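*Asks:* Assemble the whole structure, with the sequences as input and the hints as a guide.
Read off the chains here:
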Amino acid sequence: KAGVTQTPRYLIKTRGQQVTLSCSPISGHRSVSWYQQTPGQGLQFLFEYFSETQRNKGNFPGRFSGRQFSNSRSEMNVSTLELGDSALYLCASSQRSHSYEQYFGPGTRLTVT
Amino acid sequence: DQQVKQNSPSLSVQEGRISILNCDYTNSMFDYFLWYKKYPAEGPTFLISISSIKDKNEDGRFTVFLNKSAKHLSLHIVPSQPGDSAVYFCAALLPGNNRKLIWGLGTSLAVNP
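Which chain is which? The protein sequence lines are A and B, in order.
Following the working numbering, the numbering of the first sequence begins with 1 at its first residue and continues without gaps.
Following the working numbering, the numbering of the second sequence begins with 1 at its first residue and continues without gaps.
No lab work stands behind these hints: they were computed from the structure.
Keep in mind that the hints are not guaranteed to be accurate.
Unchecked claim - Pairs of lysine-lysine, DSBU-like flavour, derived with a Cα cap of 30 Å: (1) B/LYS71 to A/LYS57; (2) B/LYS54 to B/LYS5; (3) B/LYS54 to B/LYS71; (4) A/LYS57 to B/LYS5; (5) B/LYS68 to B/LYS54; (6) A/LYS13 to A/LYS57; (7) A/LYS13 to B/LYS54; (8) B/LYS56 to B/LYS71; (9) B/LYS56 to B/LYS68; (10) B/LYS56 to B/LYS5; (11) A/LYS13 to B/LYS56; (12) B/LYS68 to B/LYS5.
What you are looking at is a predicted structure, and each value in this text was computed from that prediction instead of being measured.
*Replies:* Next comes the structure, spelled out in structure tokens:
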């Protein structure tokens, strides 16, 4: 069974731009969660989608948004990028919503200059 | 404010010896705890978990101990192997409708041959 895939793996953007990251979950998994990882803050939960609906949301500004498609693939969008948005963005999938056993992708390394 | 704390950023152990990774938490509402392992350039991988109603869970070389009165849990790896060298994250789950994982900052374990 293929694992969670994330594209792109690396991205460099300029302040003020916007970015879209993509995540394909494990086949059969309907829940996708997004996390931001930075050295000082660790993994911070962004949001979770299940069956195309946002089920849970972390404490991030509205510039961070996401969506999920009918095939469970998910995208995350960050608008008006700031330097502090530089981080590793991880996507995790699980079979059901609010599941603690999550399977992570390798992440997308975003650098904002 | 970090609700889940891993106070040792790094740990170095000799192959064959015991590795003990520690985690403290502040929120007594957490009802489930998990350990994840992360290799460079990969996403975290679920390792072992424990419910708050238990004080020990064992899986092969890995054992997690939970001391609720002290709000402390630990992961024991016996015997340690060089392939165990990775970053270990402790995570805790809040109950209720908006269940989400709260993560520690991680401990980097180096097992020396």
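*Asks:* For the pair supplied as a hint, A/LYS57 and B/LYS5, confirm whether the alpha-carbon distance does not exceed 30 Å.
*Replies:* holds (22 Å)
*Asks:* Can you confirm whether the C-alpha distance between B/LYS56 and B/LYS71 stays at or below 30 Å?
*Replies:* With Cα atoms ~14 Å apart, B/LYS56 and B/LYS71 stay inside 30 Å; holds.
*Asks:* Is the straight-line distance between the alpha-carbon of A/LYS13 and that of B/LYS54 30 Å or less?
*Replies:* violated (47 Å)
*Asks:* Compare the distance between the alpha carbons of B/LYS56 and B/LYS68 with 30 Å, and conclude whether the hinted pair is satisfied.
*Replies:* holds (11 Å)
*Asks:* Against the 30 Å threshold, does the CA-CA distance of B/LYS68 and B/LYS54 hold or violate the hint?
*Replies:* holds (9 Å)
*Asks:* Given the hint that B/LYS56 pairs with B/LYS5, does the C-alpha gap stay at or below 30 Å?
*Replies:* Given that 30 Å is the threshold and the Cα spacing comes to 20 Å, the pair holds.
*Asks:* If you draw a straight line from the CA of B/LYS71 to the CA of A/LYS57, is it 30 Å or shorter?
*Replies:* Given that 30 Å is the threshold and the Cα spacing comes to 26 Å, the pair holds.
*Asks:* Has the given pair, B/LYS68 with B/LYS5, been kept, meaning a C-alpha gap of at most 30 Å?
*Replies:* Status holds; Cα separation ~15 Å.
*Asks:* Checking one constraint from the list: CA of B/LYS54 to CA of B/LYS5, max 30 Å. Satisfied?
*Replies:* holds (20 Å)
*Asks:* Can the restraint linking A/LYS13 and A/LYS57 be considered satisfied, given a maximum Cα separation of 30 Å?
*Replies:* It holds: about 25 Å lies between the C-alpha atoms, which stays within 30 Å.
*Asks:* Tell me if the straight-line CA distance from A/LYS13 to B/LYS56 falls inside 30 Å.
*Replies:* With a Cα-Cα distance of about 46 Å, the restraint between A/LYS13 and B/LYS56 is violated, given a limit of 30 Å.
*Asks:* Does the structure keep B/LYS54 and B/LYS71 at a Cα separation of 30 Å or less?
*Replies:* The given pair, whose Cα atoms are some 13 Å apart, holds under the 30 Å limit.
When each numbered hint is compared with the structure, violations occur for hints 7 and 11.
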